[in-house]
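Participant: Spelled out, the chains give:
Protein chains: 2
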Amino acid sequence: MSLLVVGSVAFDKIETPFGKTDKILGGAGTYVGLAASLFTDDIKLVSVVGGDFPASYLKLFTDRHIDIEGIKVVPDGKTFFWEGRYHTNMNVRDTLTTDLNVLAGFDPVLPDSYLNSRYLMLGNLTPSIQRKVIGQLPHRPALICMDTMNFWMDTAMDDLLDVIGMVDILAINDEEARQLSGEYSLVKAAAKIMKMGPRFLIVKKGEHGAILFSENEVFYAPALLLENVVDPTGAGDTFAGGFMGYVSKADDTSFETLKRALVYGTVAASFTVGNFGTQSLLEINSQDIEARREVFMKMIRFSD
Amino acid sequence: MSLLVVGSVAFDKIETPFGKTDKILGGAGTYVGLAASLFTDDIKLVSVVGGDFPASYLKLFTDRHIDIEGIKVVPDGKTFFWEGRYHTNMNVRDTLTTDLNVLAGFDPVLPDSYLNSRYLMLGNLTPSIQRKVIGQLPHRPALICMDTMNFWMDTAMDDLLDVIGMVDILAINDEEARQLSGEYSLVKAAAKIMKMGPRFLIVKKGEHGAILFSENEVFYAPALLLENVVDPTGAGDTFAGGFMGYVSKADDTSFETLKRALVYGTVAASFTVGNFGTQSLLEINSQDIEARREVFMKMIRFSD
Numbered sequence: 001m002s003l004l005v006v007g008s009v010a011f012d013k014i015e016t017p018f019g020k021t022d023k024i025l026g027g028a029g030t031y032v033g034l035a036a037s038l039f040t041d042d043i044k045l046v047s048v049v050g051g052d053f054p055a056s057y058l059k060l061f062t063d064r065h066i067d068i069e070g071i072k073v074v075p076d077g078k079t080f081f082w083e084g085r086y087h088t089n090m091n092v093r094d095t096l097t098t099d100l101n102v103l104a105g106f107d108p109v110l111p112d113s114y115l116n117s118r119y120l121m122l123g124n125l126t127p128s129i130q131r132k133v134i135g136q137l138p139h140r141p142a143l144i145c146m147d148t149m150n151f152w153m154d155t156a157m158d159d160l161l162d163v164i165g166m167v168d169i170l171a172i173n174d175e176e177a178r179q180l181s182g183e184y185s186l187v188k189a190a191a192k193i194m195k196m197g198p199r200f201l202i203v204k205k206g207e208h209g210a211i212l213f214s215e216n217e218v219f220y221a222p223a224l225l226l227e228n229v230v231d232p233t234g235a236g237d238t239f240a241g242g243f244m245g246y247v248s249k250a251d252d253t254s255f256e257t258l259k260r261a262l263v264y265g266t267v268a269a270s271f272t273v274g275n276f277g278t279q280s281l282l283e284i285n286s287q288d289i290e291a292r293r294e295v296f297m298k299m300i301r302f303s304d
Numbered sequence: 001m002s003l004l005v006v007g008s009v010a011f012d013k014i015e016t017p018f019g020k021t022d023k024i025l026g027g028a029g030t031y032v033g034l035a036a037s038l039f040t041d042d043i044k045l046v047s048v049v050g051g052d053f054p055a056s057y058l059k060l061f062t063d064r065h066i067d068i069e070g071i072k073v074v075p076d077g078k079t080f081f082w083e084g085r086y087h088t089n090m091n092v093r094d095t096l097t098t099d100l101n102v103l104a105g106f107d108p109v110l111p112d113s114y115l116n117s118r119y120l121m122l123g124n125l126t127p128s129i130q131r132k133v134i135g136q137l138p139h140r141p142a143l144i145c146m147d148t149m150n151f152w153m154d155t156a157m158d159d160l161l162d163v164i165g166m167v168d169i170l171a172i173n174d175e176e177a178r179q180l181s182g183e184y185s186l187v188k189a190a191a192k193i194m195k196m197g198p199r200f201l202i203v204k205k206g207e208h209g210a211i212l213f214s215e216n217e218v219f220y221a222p223a224l225l226l227e228n229v230v231d232p233t234g235a236g237d238t239f240a241g242g243f244m245g246y247v248s249k250a251d252d253t254s255f256e257t258l259k260r261a262l263v264y265g266t267v268a269a270s271f272t273v274g275n276f277g278t279q280s281l282l283e284i285n286s287q288d289i290e291a292r293r294e295v296f297m298k299m300i301r302f303s304d
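Protein sequences, first through last, are from chains H and Y.
Here our numbering is used: position 89 in the first sequence is 89, and no number is missing along the way.
Here our numbering is used: position 24 in the second sequence is 24, and no number is missing along the way.
Note that these hints are calculated values from the structure, not bench results.
Heads up, some of the hints might be wrong.
Pairs involving identical chains hold if they fit within one copy or between any two copies, as the list cannot separate such chains.
Calculated pairs, SDA-like style, for lysine to any residue (alpha carbon to alpha carbon, straight line, at most 20 Å) [claimed, not checked]: (1) LYS188 x MET153; (2) LYS205 x ASP174; (3) LYS188 x VAL229; (4) LYS188 x ASN228; (5) LYS78 x GLY51; (6) LYS298 x ASP288; (7) LYS132 x LEU115; (8) LYS205 x VAL187; (9) LYS298 x GLU256; (10) LYS205 x ILE300; (11) LYS132 x ASP162; (12) LYS188 x ASN275.
Next up, chain H with everything else stripped away, as it sits in the complex (with noise of 0.2 Å):
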């Protein structure tokens, strides 16, 4: 079923321990579509870029089948631009630059065709802008899976907050967890943020893994174990893309199927560091995320 991703598209310029880029094709809403475009051909792309985006990286896009009627193209205008350095501790990492240029506008109008769409993934966004994609759709969505930043937390928390319990399913990492609720617990903090409004949380802790939480169910999926991390941007996007793909595959939301799509988002993921900016995502296929899938549920088996 119809997968509706609002997300920045982007271009990035990044270093790492292990090189540097030049200005490269970079964005949440590029990396959650391409990795969705892994588990799924129906899904439709709001953002909004500059003049200055090349129609290659746009191809990219409907090269995928990704529907791309919703990105807008401000023609003299310039696209979103980050710049970021990784610290020999790749956790870490300094924002260079940050010219939001067309997104400061970015003002989400959903074409004819996207406002049936059974799933939504709201990228980290203005909260405020999350909420007008929510109130233009006639339908509720099956599934509302948001994500966000502690950026948001410091400067719109009412608006968050609205938006928060507007979704079904939070993803965020863990110190965004701890500073949305003020728990250092993540139990205590699932438990609070559920409150909020969602009837999931799931808390991404990179190399650490992933949790998903239900008001009374929990399960705990380690994160692959890799031989080579060459750049972290995107992955965050990269599991949430995989995990929305596979659901709306799958088109159900029981704690079961939701349990399969964290592996398949966990999975994308670990192509996404593997090499710079969308590389890899760009290179593997579906055969890729089944074999690598087999080789990390071979590492969480375990029978009593």
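Following the hints, put chain Y in place on chain H, whose structure we already have.
Facilitator: Coordinates of chain Y only, in the frame set by chain H:
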């Protein structure tokens, strides 16, 4: 089958964000022995204490059928004392005092009744002392597991590598595995460390779980998700004690048995961190272990 445990028996004084203690029972040998006693009643402890060590503490061991013939008492000596303070982020702690006292002259001599032990757990100690214990055993144990720390990598690397070459399992934390191998990737670190001798490597990641590596297999178990973590002291030693306690009860060293043991070690450690010092360990029994193991199993259960 009999489990020989070598490790410090000590006084600890601990401060965490949740409170502080007076001088209480501590030491690697203590945690390993008490945790192992939840699985087997054939445990022989080797250590040294001073004349200031209370008989009531020794009775805690004998009440749990831990043989203490190998605990040497130095009447005019003082027991090893460690004092530490944990930060708000309890993954970080400052050592305020380390008084080696009688541990400085520790020269373990195994009682005759200890010589045929089938399993051996070498707690974190000077590598040359760990080697001395192995050297006294007339038959090689079915499995030798050792712990160590970065201090010995900095000060006694040759001795340390010598002992590592004599054991079956090295059980260390992620930071130590990285320092020992010079590799950041735990996959690469494991491969290098197993080339040093051990057939297995356990990487303890605290709240992020533990990983068991063999040459061809890997098992990654997350940690329990806890509402309250009060004092991390002894968690790693409790893990090792639960692990080796289960292995010696099962009397089997297959990868599947070691996986089960890893889960039991994880479960045992989850109790220790819930209260100061050995308090939780002294309150629980094997039914508590099994009940919490069920919670753990539910948290990791995944079917294709």
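Participant: Does each hint fit the structure? Answer for all of them.
Facilitator: Here is how each hint holds up against the structure:
For the homomeric pair LYS188 and MET153, the shortest alpha-carbon distance inside one copy (18 Å) is at most 20 Å, but the shortest distance between copies (38 Å) is not. Taking the shortest Cα distances, LYS205 and ASP174 sit within 20 Å of each other both inside one copy (6 Å) and across copies (16 Å). In this assembly of identical chains, LYS188 and VAL229 lie within 20 Å of each other by CA distance solely across copies; the values are 12 Å between and 31 Å within a copy. In this homomeric assembly, LYS188 and ASN228 come within 20 Å of each other (Cα to Cα) only across copies, at 9 Å, whereas the closest approach inside a single copy is 34 Å.
Taking the closest pair of Cα atoms, LYS78 and GLY51 come within 20 Å of each other only inside a single copy of the chain (6 Å); across copies the shortest separation is 77 Å, beyond that limit. Taking CA atoms no more than 20 Å apart as the test, LYS298 paired with ASP288 passes inside one copy only; the shortest distance there is 16 Å, against 29 Å between copies. In the homo-oligomer, the alpha carbons of LYS132 and LEU115 lie at most 20 Å apart inside one protomer (13 Å), although the nearest pairing across protomers, at 74 Å, exceeds that limit. In this assembly of identical chains, the alpha carbons of LYS205 and VAL187 lie at most 20 Å apart whether taken from the same copy (14 Å) or from different copies (18 Å).
In this assembly of identical chains, the alpha carbons of LYS298 and GLU256 lie at most 20 Å apart whether taken from the same copy (19 Å) or from different copies (12 Å). In this homomeric assembly, LYS205 and ILE300 come within 20 Å of each other (Cα to Cα) both inside a single copy, at 17 Å, and across copies, at 16 Å. Taking identical chains as interchangeable, the C-alpha atoms of LYS132 and ASP162 lie at most 20 Å apart only when both belong to the same chain, with a minimum of 12 Å there against 65 Å between chains. For the homomeric pair LYS188 and ASN275, the shortest alpha-carbon distance between copies (18 Å) is at most 20 Å, but the shortest distance inside one copy (36 Å) is not.
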